[in-house]
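Below, each chain spelled out in residue letters.
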Amino acid sequence: MASESTRRDWQEGQEAALAHEEQKLREEVLLVDPRPRSEMNRMVLEAVQRITPGYIALLVVLGLITLVGLFFAWGYQMRWGMGVAGIRRPVFWGMYIANFVFWIGISHSGTFVSAILRVFKAEYSRPITRGAEMMTTFSLMVAGLFPLIHLGRTWRFYWMLPIPNQRELWPNFHSPLMWDMTAIFTYLTGSTLYLYLPLIPDFAMGRDHMTGWRQKLYRVLALGWRGTEEEWRHLMTAMKIFAFVIIPVMFSVHTIVSWDFAMTMKVGWRSSIFGPYFVVGAIFSGVSAVITMLIIARRSLKLHYFIRTEHLESLALLVLIFSFAWTYFFFNDFLVEWYGGERVGHEILTLQARGPAAPLWYGMLFFNILVPWATLWNKRIRRSPTALFLITLGVNIGMYLERVIIVTGFLQRNRMPFDWGEYNPSIVEMSIVVGSFAMFFFLYMLFTRILPYVPVWEVHEGQLTHRIVRFGRAVVTARTNVD
Amino acid sequence: MATGKATVFALLDEIDQAAGAVEALRKAGVPDDRIEIMSGIPLEHEVLGRPEVPERMSIITPVGAIIGFITAILFTFGTVALYSIRVGGQGYFTLPPKLIIMYELTMLGIILSTFFAGTFWQSGLLPFRRKLYDPSISDGRIGIVVSVSEDQRAQVEDILRQWGADIKDGEWRPL
Chain S
1 MASESTRRDW QEGQEAALAH EEQKLREEVL LVDPRPRSEM NRMVLEAVQR
51 ITPGYIALLV VLGLITLVGL FFAWGYQMRW GMGVAGIRRP VFWGMYIANF
101 VFWIGISHSG TFVSAILRVF KAEYSRPITR GAEMMTTFSL MVAGLFPLIH
151 LGRTWRFYWM LPIPNQRELW PNFHSPLMWD MTAIFTYLTG STLYLYLPLI
201 PDFAMGRDHM TGWRQKLYRV LALGWRGTEE EWRHLMTAMK IFAFVIIPVM
251 FSVHTIVSWD FAMTMKVGWR SSIFGPYFVV GAIFSGVSAV ITMLIIARRS
301 LKLHYFIRTE HLESLALLVL IFSFAWTYFF FNDFLVEWYG GERVGHEILT
351 LQARGPAAPL WYGMLFFNIL VPWATLWNKR IRRSPTALFL ITLGVNIGMY
401 LERVIIVTGF LQRNRMPFDW GEYNPSIVEM SIVVGSFAMF FFLYMLFTRI
451 LPYVPVWEVH EGQLTHRIVR FGRAVVTART NVD
Chain Z
1 MATGKATVFA LLDEIDQAAG AVEALRKAGV PDDRIEIMSG IPLEHEVLGR
51 PEVPERMSII TPVGAIIGFI TAILFTFGTV ALYSIRVGGQ GYFTLPPKLI
101 IMYELTMLGI ILSTFFAGTF WQSGLLPFRR KLYDPSISDG RIGIVVSVSE
151 DQRAQVEDIL RQWGADIKDG EWRPL
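Residue numbers (my numbering), protein chains in the order written: chain S, 1 to 483; chain Z, 1 to 175.
Hint data in this document are derived by calculation from the structure and do not stem from the laboratory. Please note: incorrect hints may appear among the correct ones.
[What the hints assert, rightly or not] As a list, the in silico BS3-like pairs of lysine-lysine whose alpha-carbon atoms are at most 27 Å apart:
{"id": "1", "chain 1": "Z", "residue 1": "Lys98", "chain 2": "S", "residue 2": "Lys216"}
{"id": "2", "chain 1": "S", "residue 1": "Lys24", "chain 2": "S", "residue 2": "Lys240"}
{"id": "3", "chain 1": "S", "residue 1": "Lys266", "chain 2": "Z", "residue 2": "Lys98"}
{"id": "4", "chain 1": "S", "residue 1": "Lys240", "chain 2": "S", "residue 2": "Lys302"}
{"id": "5", "chain 1": "S", "residue 1": "Lys121", "chain 2": "S", "residue 2": "Lys216"}
{"id": "6", "chain 1": "S", "residue 1": "Lys216", "chain 2": "Z", "residue 2": "Lys131"}
{"id": "7", "chain 1": "S", "residue 1": "Lys240", "chain 2": "S", "residue 2": "Lys121"}
{"id": "8", "chain 1": "Z", "residue 1": "Lys168", "chain 2": "Z", "residue 2": "Lys5"}
{"id": "9", "chain 1": "Z", "residue 1": "Lys98", "chain 2": "Z", "residue 2": "Lys5"}
Keep in mind that this is a model prediction, so the values were computed, not measured.
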């Protein structure tokens with residue numbers, strides 16, 4: 001009798017412990033912490049309407065910086081010519097091209113976080129795909145401006161278009177610059193449509209629950225969506241095709257950007273490893289930028305229910321892995337150049353290690369290798385939004401420095417010593433660069449109040465297929481595979 | 001005697017209820033093509049025991065790819081042939097650099113054909129048309145529209161009510 005009572009007490013204790021574990025798991029994992037769909041819709045629509053005086057003030061400031069940088073400074077350059085920029089012989093590619101490469105790199109965030117994780121059924125990524133896809137679209141828009149700015153005579157851009165013109169010349173499709181334009185156009189088109197497709201059901205949700213101008217806008221953008229079997233079937237098939245197509249396009253874009261450099265005879269640039277080196281660097285900076293923006297969005301949009309520590313932690317692990325991969329490619333590239341024994345190659349490396357480019361070079365190594373390796377192995381740090389914010393911001397500073405070194409640093413030393421030089425960006429260049437950053441943040445902030453930031457239907461679908469199960473004495477999540 | 005047509009619009013809360021209602025309607029002689037389901041999430045056809053919706057993406061996508069590829073051939077080889085400028089004996093109809101343009105435009109063809117043909121043409125999505133709908137569907141409820149003859153209406157409504165459905169006055173609204 002006594003033993004039965006003891007066993008009952010023990011069982012009750014076990015039950016309480018398991019119930020406590022279940023509760024902890026629910027707080028941790030979004031997909032096993034369901035709430036009614038109407039409540040989730042409300043949370044996301046409230047976030048869209050969260051327009052505070054602080055938000056408006058920040059938007060105005062960013063808009064003004066964009067105006068000064070991209071309209072006045074660029075306009076000034078158009079009026080007076082490229083001489084107002086700091087690019088001089090031998091450094092003909094300056095900050096504009098470095099920024100172009102940087103923003104193309106950031107654009108890999110959406111594709112990686114959304115498409116690749118969708119293809120590999122990484123379920124945790126459901127609530128964070130939209131934020132990443134928005135980054136892709138807006139960073140590509142910013143990146144696309146830089147070749148135009150760098151052209152100088154921007155109004156002759158149409159010479160690059162495949163249309164018969166008065167010169168009876170067609171663009172040279174053998175040129176890496178033409179490959180660039182074609183690849184970026186394909187990627188921008190693909191990523192914008194890939195952002196739009198899963199938004200259609202969310203626009204319909206907004207149309208059903210909102211009033212005013214937003215309802216009118218959502219009504220148009222929802223295309224009359226009702227959620228019928230035909231609509232879902234075609235949407236899901238289209239999203240699947242897009243996810244598979246956009247991945248190779250993403251790889252091609254940054255590989256082609258790397259070929260802008262690698263196809264030349266320039267020492268330091270001419271490297272067969274540049275393609276994967278650029279792609280890995282792009283994903284490294286892109287995923288880091290997603291974490292930075294998710295932390296900001298989570299706080300400002302009050303989306304703590306949807307964007308949880310589990311998401312930040314999973315992405316932080318990816319950052320660590322890509323830091324390893326980037327270091328591997330960096331060291332490959334560095335060692336081959338160092339071992340090659342070519343005089344000019346050594347001059348470039350000396351410039352980085354002991355010359356004027358040294359602060360940038362050591363800064364790059366600090367932010368891209370030392371900081372992530374020293375911190376992200378630690379679970380507590382991976383779960384701290386403040387620490388992650390600083391680390392990922394640092395990674396993007398490091399990756400920016402890498403772009404600046406590759407583009408402007410290598411050009412300062414050439415085969416003939418008379419063709420050596422220094423590069424200092426002018427105030428016009430710096431204004432345009434600052435303006436481009438402001439433009440990205442302006443667009444991103446603006447659209448967080450126009451587009452539903454979380455794909456609610458994807459979260460709801462995930463919650464229906466996930467359960468908490470007891471596996472022996474452990475409490476774990478389980479997924480039902482219905483597709 | 002010919003009877004008029006009726007449309008029954010019902011809303012259910014649970015997937016299991018909807019699956020049961022669809023099965024009961026089928027047993028009552030309502031063919032599958034007279035039943036339309038609306039939901040706030042994608043439901044595989046097996047979940048509700050429905051026939052698979054046919055789609056032609058396996059044709060549309062390759063067609064888009066071929067159009068993109070042909071466009072690339074015209075740009076890369078066609079323009080070189082039409083406006084030839086020979087420079088220093090360099091390669092003229094060389095394939096490797098042209099492969100990049102062919103690859104990108106083929107991908108663009110797939111992207112555009114999937115989006116336009118797949119989303120607009122195949123799904124029949126068009127704004128502002130009057131459609132039978134209820135906003136609670138985007139809150140997670142499941143809508144069932146049954147098109148039957150007027151004399152079957154009462155029987156269909158009974159079946160749906162048995163499965164816990166709210167029968168709505170079908171509102172055709174511009175969406």
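Here's how the hints hold up against the structure:
Taken as a hint, the Z:Lys98 and S:Lys216 pair is broken in the structure, with Cα atoms around 45 Å apart against an allowance of 27 Å. Using a Cα cut-off of 27 Å, the hinted pair S:Lys24 and S:Lys240 is violated, with the two alpha carbons roughly 34 Å apart. Pair hint S:Lys266 plus Z:Lys98 holds up; C-alpha atoms about 23 Å apart against a cutoff of 27 Å. Using a Cα cut-off of 27 Å, the hinted pair S:Lys240 and S:Lys302 is violated, with the two alpha carbons roughly 30 Å apart.
For the hint linking S:Lys121 to S:Lys216, the alpha-carbon distance of about 34 Å lies beyond 27 Å, and the restraint is violated. The suggested pairing of S:Lys216 with Z:Lys131 holds, with an alpha-carbon distance near 17 Å, which does not exceed 27 Å. Straight-line distance between C-alpha atoms of S:Lys240 and S:Lys121 comes to about 11 Å, which keeps the hinted pair within the 27 Å bound. For a cut-off of 27 Å, the pair hint linking Z:Lys168 to Z:Lys5 stands: about 17 Å separates their Cα positions.
Proximity of Z:Lys98 to Z:Lys5 is assessed by CA-CA distance (about 59 Å); at most 27 Å being required, the pair is judged violated.
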